[in-house]
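Undergrad: Sequence:
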Amino acid sequence: MRDAKGRPVDPDSPLALRTHRTNLVNVPAAALCGEAYNDEPRRLRIGATRSEHAALFEALDESRNALSASDVFQRYMAGIFGVNPDFSGSEGPDGKRRFRASYLRLLKGWMFDSNLAEGAVLKGWVESRFGLLPTFHREPIRRFASDAWTAYGEEKQSTRFHNNNIHLQLDLLYEFCQWTIRRGWPEAPMPNWASHIRLYRGVNDFEEHHIVARPDKRTAVLRLNNLCSFSINRDIAGQFGDYILDAWVPLPKVVFFRDILPRYPFQGEGEYLVIGGDYRVGVSLL
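Here our numbering is used: position 147 in the sequence shown is 147, and no number is missing along the way.
No lab work stands behind these hints: they were computed from the structure. Note that beta-carbon positions come from the ideal geometry of N, C-alpha and C, so glycine has one too. There are no misleading hints in this set.
Label pairs and their calculated CB-CB ranges:
1. D205 with E62: 42 to 50 angstroms
2. P189 with A78: 20 to 28 angstroms
3. R42 with R143: 29 to 37 angstroms
Cut-off 20 angstroms, straight-line C-alpha distance, at most; resulting in silico cross-link-like pairs (EDC-like, lysine to aspartate or glutamate):
4. K217 with E35
5. K217 with D278
6. K217 with D242
7. K217 with D205
8. K217 with E207
9. K108 with D71
10. K217 with D246
All chains, please: the whole structure from these sequences, using the hints.
TA: The structure is reproduced here in structure tokens:
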């Protein structure tokens with residue numbers, strides 16, 4: 001078995017190591033998942049999301065601070081998708097509230113357990129928009145013809161969470177996140193000229209992340225899941241495993257971080273949702 005460049009591939013390696021989807025961003029998936037992109041990242045744009053929602057970004061440009069920008073974004077999402085900031089359903093003609101899929105519910109579900117249906121929908125969105133397949137969902141995904149792939153596929157299309165234009169909601173969340181990064185608020189965790197941010201991930205083993213290379217005991221090149229969580233705080237990352245992965249993450253690969261929705265209880269772990277691929281990481285014991 002060989003990859004797209006003709007190199008031999010272990011048949012037990014993740015499916016994501018051997019193939020990619022077409023994508024909707026301005027960098028091909030095969031390049032986006034490589035170390036070279038991480039070393040010299042380019043800004044990413046999802047199709048025509050910004051131009052089709054120009055009114056949102058014009059209103060954001062008038063925001064005085066991060067809190068007011070967050071309120072502008074959430075009011076827009078409520079108006080377009082009926083997504084209420086309190087996680088409640090939208091009100092129908094009969095006055096009753098009904099469940100509608102929302103980016104907020106997906107974020108809440110991910111932070112509880114990234115291997116539930118909400119996590120599958122988010123990984124499916126990354127697969128659709130960025131072209132990267134997942135390496136893991138409940139268990140390693142090594143083949144299309146496998147129980148692991150089937151279970152992931154069923155969950156990512158779950159009608160409970162995959163409705164109400166959920167992919168478009170996530171497109172706007174990503175673009176809002178990138179807008180916030182480039183805005184350069186004084187309280188932001190990175191300056192607006194930065195290209196990377198140093199993040200940490202705690203793991204007990206490497207089951208979820210395939211080891212591509214191990215240059216030395218303190219360094220590894222890992223194929224990270226197509227969407228994965230990091231923390232900006234090393235001590236917090238250490239609560240999730242005995243090994244600490246230390247990565248310089250390119251900012252265009254940041255999908256969400258705590259500061260873009262300051263009114264929500266996503267603050268505790270300093271969590272960042274990051275698009276995966278091959279990352280050179282430092283590996284240290286807690």
